[in-house]
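Chemist: Chains A and B are the protein sequences, given in the same order.
With the first letter of the first sequence counted as 1, position 157 gets the number 157 in my numbering; the numbers rise by one all the way through.
With the first letter of the second sequence counted as 1, position 127 gets the number 127 in my numbering; the numbers rise by one all the way through.
Hints are computed from structural coordinates only; laboratory data are not their basis.
Keep in mind the model is a prediction, meaning the values are calculated, not measured.
Hints are not guaranteed to be accurate.
What the hints assert, rightly or not - In silico BS3-like links for lysine-lysine, alpha-carbon gap of 25 Å or less:
(1) Lys422/A / Lys193/B
(2) Lys451/A / Lys135/B
(3) Lys144/A / Lys293/A
(4) Lys138/A / Lys198/A
(5) Lys211/B / Lys193/B
(6) Lys112/B / Lys467/A
Said to hold, decoys possible - Short derived list, chain A residues pointing at chain B, Cβ under 8 Å:
(7) Gly435
(8) Glu440
(9) Gly448
(10) Phe449
Said to hold, decoys possible - Away from chain A, derived, C-beta distances all over 12 Å, residues of chain B:
(11) Gly19
(12) Asn62
(13) Gly63
(14) Leu243
A virtual CB, placed ideally from N, CA and C, is assigned to each residue, including glycine.
Now for the letters of each chain:
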Amino acid sequence: MKTEDLKNNKEYKYGFTTDIESFRAPKGLNEDTIKFISKIKKEPKWMLDWRLKAYNRLKVLKEPNWQKPKYPKINYQDLYYYSAPKSSSEKPKNLDEIDPKILETYKKLGIPLVEQKRLNGIAVDAVFDSVSVATTFKGELTKKGIIFCSISEAIQKHPDLVKKYLGSVIPLSDHYFATLNSAVFTDGSFVYIPPNTKCPMELSTYFRINASETGQFERTLIIADKGSYVSYLEGCTAPMRDENQLHAANVELIALDDAEIKYSTVQNWYPGDEKGVGGIYNFVTKRGACRGKNSKISWTQVETGSAITWKYPSCILQGDNSVGEFYSIAITNNFQKADTGTKMIHLGKNTKSKIISKGISAGNADNMYRGLVDINSKASNSRNYTQCDSLLMGNKCGAHTVPYIKNNNATSTIEHEATTTKINEEQLYYCNQRGLDQEEAVSLIVNGFCKEVLQQLPMEFAVEAQKLVAISLEGSVG
Amino acid sequence: MLNIKNLEATIENKHILRGLNLEIKPGEVHAIMGPNGSGKSTLANVLSGKNGYDIKGDISFNGENLGELSTEVRAQKGIFLAFQYPLEIPGVNTNIFLKTSLNAIRKAKGEKELDTLTFLKLIKEKALELGIDEKFLSRQLNVGFSGGEKKKNEILQMKLLQPKLSILDETDSGLDIDALRIVADGVNSYKNKNNAFLIITHYQRLLDYIKPDFIHVLSDGKIIKTGNASLGIELEKTGYSNLA
Numbered sequence: 001m002k003t004e005d006l007k008n009n010k011e012y013k014y015g016f017t018t019d020i021e022s023f024r025a026p027k028g029l030n031e032d033t034i035k036f037i038s039k040i041k042k043e044p045k046w047m048l049d050w051r052l053k054a055y056n057r058l059k060v061l062k063e064p065n066w067q068k069p070k071y072p073k074i075n076y077q078d079l080y081y082y083s084a085p086k087s088s089s090e091k092p093k094n095l096d097e098i099d100p101k102i103l104e105t106y107k108k109l110g111i112p113l114v115e116q117k118r119l120n121g122i123a124v125d126a127v128f129d130s131v132s133v134a135t136t137f138k139g140e141l142t143k144k145g146i147i148f149c150s151i152s153e154a155i156q157k158h159p160d161l162v163k164k165y166l167g168s169v170i171p172l173s174d175h176y177f178a179t180l181n182s183a184v185f186t187d188g189s190f191v192y193i194p195p196n197t198k199c200p201m202e203l204s205t206y207f208r209i210n211a212s213e214t215g216q217f218e219r220t221l222i223i224a225d226k227g228s229y230v231s232y233l234e235g236c237t238a239p240m241r242d243e244n245q246l247h248a249a250n251v252e253l254i255a256l257d258d259a260e261i262k263y264s265t266v267q268n269w270y271p272g273d274e275k276g277v278g279g280i281y282n283f284v285t286k287r288g289a290c291r292g293k294n295s296k297i298s299w300t301q302v303e304t305g306s307a308i309t310w311k312y313p314s315c316i317l318q319g320d321n322s323v324g325e326f327y328s329i330a331i332t333n334n335f336q337k338a339d340t341g342t343k344m345i346h347l348g349k350n351t352k353s354k355i356i357s358k359g360i361s362a363g364n365a366d367n368m369y370r371g372l373v374d375i376n377s378k379a380s381n382s383r384n385y386t387q388c389d390s391l392l393m394g395n396k397c398g399a400h401t402v403p404y405i406k407n408n409n410a411t412s413t414i415e416h417e418a419t420t421t422k423i424n425e426e427q428l429y430y431c432n433q434r435g436l437d438q439e440e441a442v443s444l445i446v447n448g449f450c451k452e453v454l455q456q457l458p459m460e461f462a463v464e465a466q467k468l469v470a471i472s473l474e475g476s477v478g
Numbered sequence: 001m002l003n004i005k006n007l008e009a010t011i012e013n014k015h016i017l018r019g020l021n022l023e024i025k026p027g028e029v030h031a032i033m034g035p036n037g038s039g040k041s042t043l044a045n046v047l048s049g050k051n052g053y054d055i056k057g058d059i060s061f062n063g064e065n066l067g068e069l070s071t072e073v074r075a076q077k078g079i080f081l082a083f084q085y086p087l088e089i090p091g092v093n094t095n096i097f098l099k100t101s102l103n104a105i106r107k108a109k110g111e112k113e114l115d116t117l118t119f120l121k122l123i124k125e126k127a128l129e130l131g132i133d134e135k136f137l138s139r140q141l142n143v144g145f146s147g148g149e150k151k152k153n154e155i156l157q158m159k160l161l162q163p164k165l166s167i168l169d170e171t172d173s174g175l176d177i178d179a180l181r182i183v184a185d186g187v188n189s190y191k192n193k194n195n196a197f198l199i200i201t202h203y204q205r206l207l208d209y210i211k212p213d214f215i216h217v218l219s220d221g222k223i224i225k226t227g228n229a230s231l232g233i234e235l236e237k238t239g240y241s242n243l244a
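Just chain B, with the same shape it has in the complex (with noise of 0.2 Å):
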């Protein structure tokens, strides 16, 4: 589905990435760890196609080169970024801004775009099985959210999008166990064998409920080293510093 080929990013003459190889097969689960600034957000903003990055080497998803695609087609094509920041939009209700997103989407795709009272009906389904209040969805986009119901907002979007790819960056940060489980309980009842997961995180809590068929560990802008998910709770013990 995806495939990395010695990638390279820099920004603001800062070197970020330096040769990262990566591949992901349908149904599979991956999960970064790695120290602060070892690049794991560039990778996930690369990714999605965030502007300000001067890239070298090759991203091809489901066979096609994402290059110099927007980072709207790229979301269009079945990309999603559950932000480790989700950003407020005031004056924006929570509802407009998911159905306009789901149309935008579905349109690019070539599907019908669905009228307001089917997609209500949806939203709210999604909303129930994450135990978020449908009240919730009538207040401004992220404004006033906690950080956990900011974290549970991206995940009822990536279920609501059903993207091929979803990349979570650090939505395990600022979380209680109790949202963590939700999150967790989340993925795991969105994961199927053709869709599949890249998980940036810094502990191996995550791991504990979400389970990894594969972790690397990121250093330098390179990964130097993958293993299954034992290698979570080895890191656990040992740390990153034990690796380099």
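Excised from the complex, chain A in its bound form (with noise of 0.2 Å):
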């Protein structure tokens, strides 16, 4: 299939490319690429040192191959690790610079990036392909001291920040696709708040993948630091092509005493066409550290595109009385495959973890819920409790549960409950009974089982992600 009958495909209204001149680093995974991808981020030499020993780790390290779906080999050499919108080789100091055709496609994507539309208080970092193109709200938030900029603007203004942090909670060598971002990590978003701070507004990035043959590897480093809160969001889109793009991101948090972070992810990256050609392969590595007593991580993610998604947002509680927390849906429909779930990691004392799991499987494709809950033997009275879902349209889709629990301290308890459920001819009858057609039945339906997960998104967001179930599962009834 061509990129042009793709685009034919209704189905994924994000579809489009924007045709813009970009700037690109040669092919190819070597040291050349790194020192380019280095050199035009005007990096000190302490970053391009930390990037080459990842690159020299990732030499001895194999891909991981364990998880249940399985995709065809990638050419390392032959992807591009740095794309970036030719207008801004000079990076625009404000939102005026900015190439009017990407302010365009972000206002395509609904994202608006023009402050004085103040849209219900959401400061928004956007990427586009390689760069964080825009961020908005910097002034009033500069105000309260917190700091929100693109990664590479904070490796430059905040070194001792980013020094002390990025790969704290994701190691250099820590597998294969989080040392391969830290070699060629391009951009992302950098947040951090002070103490006893509340955040005052939502957070948020948006990233979109242009660029063909192109590889986004973004980073995102987030410090809470005693005593605040941040609530921070993060969207993705990518246009239609017939190729497999990889995504291969890092986001770390970290949150001290007394600190909250709240991160939810709507994703919904091309997830290929009805026949399972093309979309992104979307292998992120995201990690929380609880550092601090009391602090709490709380992850929530919707994640509907992608033609493979394979993450574990997870939550390492290392201060006593720290919380962790992971809601997700997952949607796979189509030929679209998700390995996804969770970790937490029991270190302090009185820990807690909470994880609420919904997959959702339709047409072909197949879901897979894996988490681990380790309970360390020093981490006394703590608890957990999982609750993982699954929901069957049709019946040549899957969906699997595979927990991992190990539990190291006999003052601390586990609980586990998984149910599989396909979806019911009767409650459809019921809804079409009551003039709802098939799509708003399963719609309502779909969102009925969400809902645990759907009310922890912020407001704005909740109501996009309900529209965005029903869009990803259209035509899955028949």
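Take each chain as given, in its own frame, and dock them per the hints.
Modeler: Here you go:
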């Protein structure tokens, strides 16, 4: 199938490409590419050294292959590792200097970057291919001492914070994709919330892959200092292409004493067409450290896009009384595959974690919940509650639940509940009899099934996520 | 309003309805009685357009052949079925379900959809008429409802959606006498010269509260006897076996 045909596919409304000249690094993964990226970002030497260290480590690492969804071998030498709109090679100083085509792209995506049109008080950082093109509301945030900027800017302007925390949750040598990211990451967001500060607005990053044959390797680092609070949301889309594109991001969260980070994701990368051609490989490492006492990290994800989603947003509960939460909706339709879940590592005393996972599978898709709950011998009086529900639509799809449970402390408890249900014909009939057509009925039932997770999302996004849930499943019951 | 001619229905090689004829005019209340397995619920399902049945014969509704029309289109045209076993839909608020349903039907009729505030005002009024507690509306649809609450909820939906033809499939089963009276009051208060009812029941007791104009006895997929309200009382004494 050609890209032209794909454009006629109406199901994925973010599938357009922006015709813009881009500036790329030569193809291939090697030291020169890494030096190229580092140079173009005017990085200090320590950063380049860090990248090269990761690259050297990468050489001896093997790509993992224990996951359920298999994929053809990726030729890492045949990818572009850096692509930026040409117009931004001199970083725009303000929004007026941004290429109007990029502004138009974000407008089409429903993300206004113009600050005057303040939308629900959400500050946005927009990442287009390999670079951050705009961060809104900087001024207002700066007054409170909050830093919200691209990671590239943070490396230059806040090197002490970056040096201290980058790689402190996901070490350089963690695993193949995380290490790859450490070597070649191009942009992403950086957030620092100073002590005893409640971030006054939602912070949001919008990721857009535009260029073809390009991998996107973004890096996000969020630090919530003592007694602070931040809610952060990321959204993602990509054009429809008949090639598979790799997205390997690293996200690190650090919550110090009494701090709370709420991290929400609405992932709607291009999922491939109804025959399973094209789509994003979404191989992402997300990990949060509840480093301080009484700290809390809450992950909420709505995963509807990508050909393959492979990620486990995790919490390391180091501080005593710290809390980790994971709320997930993973929807797979057609030939999409997901292998996703979380890891809750209990190290501190009285630590609590909660996992609510809703997997929905339709068409020929395959959906796997895989999760680890690990209670360390020192983590007295800790608790985990896990609930995994799977909903099947039709009889060609699959749902799997693989919980790994380790409890090394006799005073701690782990609870696990799992259900698998098929969408009920009688429920659909009941809804139809009340005047709802098939799609409305499916949307209603599925949104009901996902409710516990949807209500974790910030208001503005919950509505959008509900619509997305409905759109992702269109045509799946016939 | 409804005209059924020579209706036959087969499901999974079971021939259930075998040449059923029935005419219902606006303003009328018809009751269908009959032994288990005579095809009463099948008739309700076939009229509402449930999938899975092979159908022969004609069903016309307000002059339009229902033929291949889908369940939702029939609902939008004014056919309502109060389910014998109303379904539970976890995570969906009763209010939201009712609003979605009402607006789907209004939209199909070319009427303006109701905003949340107008809807809430309307539904509270209807609930009050039926003596239904408001709190009930913010619970998940039918989840954890008692049998009586589920049936009352069906009648609430009927009054909200204002159908032309209401089919009550054994709405009286599992009801205590108070709930039965509420259901009957709901029907009686909605009844007018423009709408009609088809009440499927095993027992006379519901018909003590809702006066039918006609009672039909269904046996082996056919109506074998039709009479007025007194037929029910007679059946109560003699049973169905004497008719067959």
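Chemist: Next, verify each hint and record whether it holds.
Modeler: How the hints compare with the structure:
{"no.": "1", "hint": "Lys422/A / Lys193/B", "verdict": "43 Å, violated"}
{"no.": "2", "hint": "Lys451/A / Lys135/B", "verdict": "19 Å, holds"}
{"no.": "3", "hint": "Lys144/A / Lys293/A", "verdict": "24 Å, holds"}
{"no.": "4", "hint": "Lys138/A / Lys198/A", "verdict": "16 Å, holds"}
{"no.": "5", "hint": "Lys211/B / Lys193/B", "verdict": "14 Å, holds"}
{"no.": "6", "hint": "Lys112/B / Lys467/A", "verdict": "21 Å, holds"}
{"no.": "7", "hint": "Gly435", "verdict": "4 Å, holds"}
{"no.": "8", "hint": "Glu440", "verdict": "6 Å, holds"}
{"no.": "9", "hint": "Gly448", "verdict": "3 Å, holds"}
{"no.": "10", "hint": "Phe449", "verdict": "6 Å, holds"}
{"no.": "11", "hint": "Gly19", "verdict": "26 Å, holds"}
{"no.": "12", "hint": "Asn62", "verdict": "17 Å, holds"}
{"no.": "13", "hint": "Gly63", "verdict": "21 Å, holds"}
{"no.": "14", "hint": "Leu243", "verdict": "31 Å, holds"}
Hint check: a violation occurs at hint 1 only; the rest are consistent with the structure.
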